[in-house]
Structure formats: structure tokens, C-alpha cells
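J.: Single-letter residue listing:
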Amino acid sequence: MNSTAQSGLVAIDLFKPFEFEFFRNGVLVATLAGALCGVVGCYVVLRNMSYIGHGLSHSIFGGYAVAGLLGINLFLGAGAWGVLTALAIGGIVRRRPIGSDAAIGVVTTAAFAFGLAIVQLYGSPGRNADALLFGNVLGVTWADVWLIVGVSLGALAFISIGYRQLLFTTFDAEVARATGVRTSVVDALLMVLLSATVLSTMNVMGVTLVAANLVIPAVVARMLTDSFARMLILAGLVGAVSGFVGMNASYHLDVASGPTIVLTAAAFFVLAFVAGGSFRQRAAGVGHAH
Amino acid sequence: MIGLPASQTFTAGAIQPGTDMIEAAQLSVDYGVGEVLTDVDLTIADSDLVGIVGPSGSGKSTLLKALLGTVASSAGTVKKRSGLTVGLVPQVEQIDWSFPVTVAECVGMARARGWRTPWITRAERGEICEVLERLGLTGLGHRHIRDLSGGQQQRVFLARALFTKAEVIFLDEPTSGLDVRTRHDVLHLLNELNEQGLTIVLTTHDLNGIAAHLPKIVCLNKSVIGAGSPEEVLVPDVLERTYGSPMHILEHGGMRVVVDAPLGVVGGSDGATA
Chain A
1 MNSTAQSGLV
11 AIDLFKPFEF
21 EFFRNGVLVA
31 TLAGALCGVV
41 GCYVVLRNMS
51 YIGHGLSHSI
61 FGGYAVAGLL
71 GINLFLGAGA
81 WGVLTALAIG
91 GIVRRRPIGS
101 DAAIGVVTTA
111 AFAFGLAIVQ
121 LYGSPGRNAD
131 ALLFGNVLGV
141 TWADVWLIVG
151 VSLGALAFIS
161 IGYRQLLFTT
171 FDAEVARATG
181 VRTSVVDALL
191 MVLLSATVLS
201 TMNVMGVTLV
211 AANLVIPAVV
221 ARMLTDSFAR
231 MLILAGLVGA
241 VSGFVGMNAS
251 YHLDVASGPT
261 IVLTAAAFFV
271 LAFVAGGSFR
281 QRAAGVGHAH
Chain B
1 MIGLPASQTF
11 TAGAIQPGTD
21 MIEAAQLSVD
31 YGVGEVLTDV
41 DLTIADSDLV
51 GIVGPSGSGK
61 STLLKALLGT
71 VASSAGTVKK
81 RSGLTVGLVP
91 QVEQIDWSFP
101 VTVAECVGMA
111 RARGWRTPWI
121 TRAERGEICE
131 VLERLGLTGL
141 GHRHIRDLSG
151 GQQQRVFLAR
161 ALFTKAEVIF
171 LDEPTSGLDV
181 RTRHDVLHLL
191 NELNEQGLTI
201 VLTTHDLNGI
211 AAHLPKIVCL
221 NKSVIGAGSP
231 EEVLVPDVLE
241 RTYGSPMHIL
251 EHGGMRVVVD
261 APLGVVGGSD
271 GATA
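Protein chains in written order, with our numbering: chain A, 1 to 290; chain B, 1 to 274.
The set of hints was computed from the structure by calculation and includes no laboratory data. Model, not experiment: these values are computed from the prediction. Every residue, glycine too, gets a C-beta built ideally from N, C-alpha and C. Treat the hints with care, since some could be wrong.
Just a few of them, taken from the derived set where beta-carbon distance is under 8 Å, the chain A residues facing chain B [stated by the list, open to error]:
#1 S100
#2 D101
#3 S160
#4 L167
#5 V175
#6 R177
#7 F228
#8 A229
Working from the sequences, and respecting the hints, build out all of it.
T.: Here it is as C-alpha cells:
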């Protein structure tokens, strides 16, 4: 009897936060953000650009400050700043013998520092700087929801239409270029998508943790499969589940959503690290059987 | 045919159908630290099987890239037959073997131009099976590319080039890192594909194991030192100018064998018999 009553109480507790619109929006955004970052993160991780998410989110913070100073739309300004930063990184890597990690380090930290200086001099634009830095998923608006839905649909369309070009360019850019794929266009569009992804998910994760959302689900998926198509799907799933579970954990544990989402994804990483080998072998066996 | 048309002049625009596939004229490439290629004249015709040889840093890979159009020339021209489809098999050292891609995915990604479904269609799956079977890779489509032998790995990337329906395939050091038996198998396969009409251009360090068995060789050291059949170019004078050190040519079983001249010996002794 006692046990039944306790189970009932647990069930009520788990569903209670869904009575609040802000929480439902937060869960929706966190789940979508996880799926979006998981899928886009596959390309980031496989291009050995894991640090770019970290750098780009910082750079976009700088963009917010500059857009606020100039009095233009914060999203557009920050988005344009992020795209410019990403394209600058690509341009520097192509034109100078500098590794992408070093170029990311130089360009994004400079863009972030510029934003910090602007905030210090003229104050924070619109949103609270702390919320941008550490995430404030409970403060998401419908505009945030629609933004992330739009970016997710855009990402789905881009990856579906350009799937083979993206894969070929990521795996073997030289050969892709030799056989007629316009790799510089593919790279530029991917950077635009990455900037849009970071921009639209920053409110959930915060500048400091958005990189984890891009990297951890992709790394978990890589440990579970040797197939690129399956990696994309698994990374999207791991990201979405991390967002959903992390948001709920955030409410019940009374801890900020960014850390709980990242810690959930990190738990998946530990599981994949321990059991990834046998999972991959079984998956290969299933593929062979079919 | 390959030749050294130094005095030949080329008209602007693409090469007309029915003539040579690719023509490089007075081609120079400069990466900003001096010329890597200087005044290279080279013609690739239908059904050629050409090996480009030369020491490290002689510009072999750069020449391939310039012919493919992925490296810009600082002078001269490269002209391709209009509509020519090309394939490239990269050096195995350039492949990211930890990349999550199965054999079927690796081959399938190559058909990327124009509107394509993200998934491999049923018709394409059939074509991939055919090309894998043709190259002796039947039943390996689900495997990760790392989980194959060296020879199989080389053939996967050859399959990828064939899947694009390439008329000419470029291979950068296709036998690098392979054992003697596998190297022989790869050479045999390339000969077979060439007999079926495929034009092949490859670079190699291996004078005796690969170059000596090809119908045509180009000796390169920034510029073309010699071009022709093994009998024409595997001679001490051309090799010494290509490699910068004296070499002997031995005859063994009707084949030419290139050996380094012993230290302190200047000039080669052509025609020695093993």
C-alpha cells in the first residue's frame, strides 16, 4: 500500500512541471536543441573542429554586444557576427599554413574579447549577460521556440539535400573537389548552419556549455557505430534525450539546465565508453545479416 | 599517347571530342616558395596507362592535382576534353581511417553532383554491388573501411572512382605501403581495367615493381625529364637527371631493373646482365 502510494507520488512529481507553459517550452527547446546540435556536431567532430562550437558561441556573445551597440536586431546581428567569424576561420585555414584549431582560437577569442569590451563600456544589450553565458532555458519565449524550430527545419533540409556533398567534403575534401563537388560552397553553408545552430541554442545551454551539446552526442554516437548514416541518427537521438532528461533533472534537482543537460550527455558518454565496442559489433552483425 | 610537344600551341577552350583527353602546356605551379612544376608539357590520350615517376618533392602529386584542376597553375594551361569525368584515388596515408564510413557508404558518396537522394537508391545499390564484385570485394559493403586488408582498402577507393563512371582515373602512389603480393595484384587489376578501356594515370616511387611494367612512363623532376616506354626512359642518363644520382640498368628475364650505382662510382653502366 505504502509502496503504491509512493509510486503515485513519484509519478505526480515527474509530470507536475509540465503543467507550466514555460517548462513545456523549455523541454521542447532543450530537446530540439539537443537533436539539432547532435546532428550538426557530427560534421564538427569529424572535421576535427570540436573547439569551434566553444569558440563560435563566445564569438556570438560578442556579436550580441556589437548588435546592441549598433541598435540592430540582436539575433540578426549576432548571427551575422557568427557567420563572419566562421567564414574568417575557413578563409584563414585555406590561405595560410595554420591549423583549424589555431585559427578558431585566434578569431573567436578576439571576437569574444571585443564583445566583452563593448559590454563593459556600454552595458549588456537586451538579454542579461549571465543568462547568455550560462543559459536560461526557463526564460525561453515563443520567439526562441520558433527560431530553433526554423533552424532545425533548415538543417534537416540542408543535410537531406546536400547529404552526399557534405559527407564527401567532410571525409575527403581533395577528392570531392577533384570530382566536381564545390567544396568551398559546402564548407561555407555548413559554417552558416553551425552559426545558426549555436545562435538558436545559446539561450538554452549558455555560451559556456553549448560546445558540449555539439561534441558529446556526436562522440557518443561515433563510439556506437562505424556507419556515418547511423552516427547522424544516433547523435540526434542522444542529443534529444539528453535535452529532455537534463531539463527534467534541472527542475527536480533545482540546478541550472545547462549543467544537467551536459551531465546527462556525459553519462551517455560513460555508458558508450564502457559498452560501445560490443554494441558496435552487434550493429555490424545486424548490418551484415541484412 | 604521351609526348613532349614543347613547340605545340593550343587554342583556347576545351578540347574537342575525339582528340586527347587532357593536355598540359608549359604548365608551371608555384606554391609561393618557388616553382614546384616548371614548363610541363604532357598529353593524356584515351586508354593510356601512364606512370609518373620521380624523387620525393619532384612535383608528382602536384602534377596530378594540376591535371585534375584542384591546384591553380601559375603559368601555362591545362585543357580537358569537354564533359570529361575524372576520378581520384588518394594516397592511403591521406585517408582518415577512423572516419565512420562503411565500404558501401564510401563508394556511394562519390556520386554527389547534382540532385541526389541522401540514401543509396536501389538502382545505385545494384551498381555498387556490381563494382565491388568487379574488384573482388563482394560481400564487404557493410564493413568499415579500416577492417579490410591493404589491397582491399586500395580497391575500395578504386571502386569509388569507378562508381562515378570516370573515364580517366588518377592514382596517387597506389602501391605505397603494400606488400609485394598485394602490389602485384593492384598492378594486375589496373592493367585489366586499362584493357577494358579505362585511362589511368598514376604516380609511383617504385621503379622496378610498378613503373617498369607500365607501357608509358613520365620521368619528372619539376619539369619532364623524359617520357616514353620503359625502354626509352629507364636509361642511365634520364634517370640520373631525374633522381640526381647515378643509376645502373640491369637486364633480368627480359625486364629492365634499375639499381643504385655503388657509392663513389660516377656514371652508370648500361646493359649489365644479371
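J.: Compare the structure with each hint and give your call.
T.: Here is how each hint holds up against the structure:
Against a cut-off of 8 Å between C-beta atoms, the interface hint on S100 (chain A) is violated, since the closest Cβ of chain B lies about 14 Å away. Using the Cβ-Cβ criterion of 8 Å, the hint placing D101 (chain A) at the interface with chain B is not satisfied: the shortest such distance is roughly 16 Å. The closest approach between the C-beta of S160 (chain A) and any C-beta of chain B is roughly 5 Å, which is under the 8 Å cut-off, so the hint is satisfied. Checking L167 (chain A) against chain B by beta carbon gives a least distance of about 5 Å; that is within 8 Å, so the hint holds.
Annotation: V175 (chain A) was flagged as interfacial toward chain B, and the flag holds, the nearest CB pair being 5 Å apart, inside 8 Å. Because the smallest distance between the Cβ of R177 (chain A) and any Cβ of chain B comes to about 5 Å, under 8 Å, the interface hint for this residue holds. The interface hint given for F228 (chain A) is met, as the beta carbon of that residue sits about 5 Å from the closest beta carbon of chain B, less than 8 Å. Interface restraint check: A229 (chain A) against chain B, minimum CB-CB distance 7 Å, threshold 8 Å, status holds.
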